[in-house]
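Go ahead and model the full structure; you've got the sequences and the hints to work with.
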Amino acid sequence: MERRTIFGHRLLPVALVAPQFLLTLVFFLWPACEAVWTSLTRQDPFGLHSQFAGFDNFVELFTDSLYRDSIGRTVFFMIAVSALSMSSALLLAVFADREIRGRMTYRTLLIWPYAIAPAMAAVLWILLLQPRIGLIGVLLNRHGVSWDYHLNDRQAMLVVVLACAWKQVSYNFIFFLAGLQSVPRSVLEAARMDGARGWHRFRTITFPLLAPTTFFLIVVNLVYAAFDTFGTIQALTQGGPGKATETLMVKVYRDGVVNLDIGSSSAQSVVLMIGVIALTALQFRFLGRGGRRESAA
Amino acid sequence: MKRRTLLAATAVAPLAAIDRAHGQSGKIQIVWWHAMTGVNADEINRLARAFSESQSEAEVQPVYKGGYPETLTAAIAAWRADQAPHLVQIFEVGTGSMLASGPATKQVWKLAEETGVALDPAVYIPGVRGYYSLSDGRLASMPFNSSTAIMWYNKDAFAAAGLDPETASATWPDVIAAARAIKAKIGTPAMGAVKFPITSSWMIWVQLEQYSAIHDLPFATKGNGFDGLDAELRFNAPQQVKQWDRLLGMAKEGLYEYGGRDTVPDALFYSGQAAIGFGSSAGRGQIAANAKFKWGAALLPIDPEVNANPINSIIGGASLWTMTTKQRTAAEYKAVAQFLKFLAIPEQDAHFHQTTGYVPVTFGGYEKSRADGYYEKQPGADIPIKQLARGKVTPNSRGLRLGRLAEIRNILYEETEKALQGQQSGKEALDNGTRRSDRVLREFQKSVGG
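Those protein sequence lines, which keep their order, are chains W and H.
Mind the numbering: the first sequence is residues 1 to 297 in the numbering used here, read in order.
Mind the numbering: the second sequence is residues 1001 to 1450 in the numbering used here, read in order.
Any given hint could turn out to be false.
[Unchecked claim] Stretch by stretch, here's where chain W covers chain H in the computed footprint (C-beta under 8 Å, at least three residues):
#	region
1	1092-1101
2	1256-1266
3	1309-1322
4	1398-1411
Note that these hints are calculated values from the structure, not bench results.
For glycine and all other residues, C-beta sits at the position ideal for the given N, C-alpha and C.
As structure tokens, then:
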């Protein structure tokens, strides 16, 4: 029998939805509209002179080779962070899914980094990798590797990718572990009976069955790498050396909050907003359909 | 009915505002946003307390708002929401932006005129007040914590390298010679913790802005921006390129360690890793607290081939801006003016100078510190003052009045970091820096409608 709650009153549902609706309106829709509007203007920091500038800010952005570089850098960064954090999370999840002693302890420990604030995560990595005071940094320099991420583009990128990926491993781990646990044991056992070895079994059975989880995580990780890594990068390198680790998000902050170039930074956040809308739409479209197909099969 | 409620509300609103300004004690509350931490914040709190106790009408409430850039941003956002503090501490590079703030701020001369509280620019040391004055000499903001760039050196390391620890290198050729002598002895027991000869905090401020000022070289046209928003940058002249090539050459030779942006390299000097550290004179307290070696302060080295008669260096630090809101009353402005006047009392200025390491901003504060015997007790504490007062101020040494200067510094950091990695030459770094920074200046000019 299907149970359904019927609201006799019209006001009650409205009242129940209102808080969430208001929050979205005040903290998301309103600022977003404001950003779209300011992206079309040229303003001084105090808002004393505001001229309508049409699409000038956007034209300036996309004709600026530094901005185009930043897009490329962000895409590289997103892919690197997602690939690294997802692959290590999958590896850890596979091991934690086995029958081993202290399984719960491992799992708990692996989930911890997720609870660490971005700036704290950055400090931990600084204590490890800083060339003069960091444990690993000092060791590297002592053994003839000239390690200084304040001055070396590639090393700086490596450091921010490591730190940002590490923070996301826990999240991915939880999802992969849950995904692994929902792989039907009977299928795995049947494969084992047929003589499929570990790696072969993983490649042909487990991994395909994890596909919906994997796809979901890809989108979440890309969004994370693009939007949630600002704190870690800012604390580690402030986007330097040069512009080596300046992702789009760091640039929005730099131009808007530090440089007070409100028009341009609004235009950049509008570009980012379009990006995140596209990613979300992609997720809905493919995950919605893909997920259903999986369950149908 | 509804209209009446609205009317009543508008009638009550200003009363509520006045109440807020009076606080619980019935005194006028002056809100002061600042960006100081540690010893400096203690001193800010002390000043606020001392003023509140010195009279019975007003109280100052200091509020820490984060670093300098955050404080500037917060002040602007607050003004746009009509919630600006009475006073805000704005770093020197924000001066250009604040001058374009129109009705958001009340400049010092106007505050004095309106409140009748005399705020005489002549009590402030010229090198300090020049940075915060309009071109006709009227004060725009109140000089507060000011420092300049100097050279700190490790006397033990100098002795270990066979150099005279009591005479610091005065010219760049001397600095290079000293650095080579130090480098030759690194690793020996006498050299201790020293790992490399030289580092520099605030590389752009110290090695380019200050270098240009003391050698009387223009940083930008239009008197470094004082005479108009249409100034163009000029720091890629051969003399400055020479300095950049020198630093890059020293980095390549292992004499100069970049260390990072802004204050990051500070620790390299006081931890004993760098034998010479360029930085703010306000670093004195920190060095005294941390350094486990004998250290000294010295004037910035000069290049005699560029200019054998160096002039004054320029200041860094911050000044206090008076901000407006719609409901702010004449009594509040008057209290602000009285507080600003209070800060210039020799005892207060001298106390601030001696506890924080910032230079005194008034003649009175300097005289008082001298009378106290402070400079005999703290040898070298007068080096920044001597350097600021050296020679005659020219349009090149008055300071910089450029919009979005913080962004220009970042651009220069970026280009220099590329050069340090060998991706471009010193000239290319400064040329690219000039080109990109000029664009920033034009954007600023457009945005303020100049």
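Here is how each hint holds up against the structure:
1. 1092-1101: Three-residue rule met by the region 1092-1101 of chain H, so holds; n is 3.
2. 1256-1266: holds (count 5)
3. 1309-1322: violated (count 0)
4. 1398-1411: holds (count 4)
Going down the numbered hints, you'll see the structure goes against just number 3.
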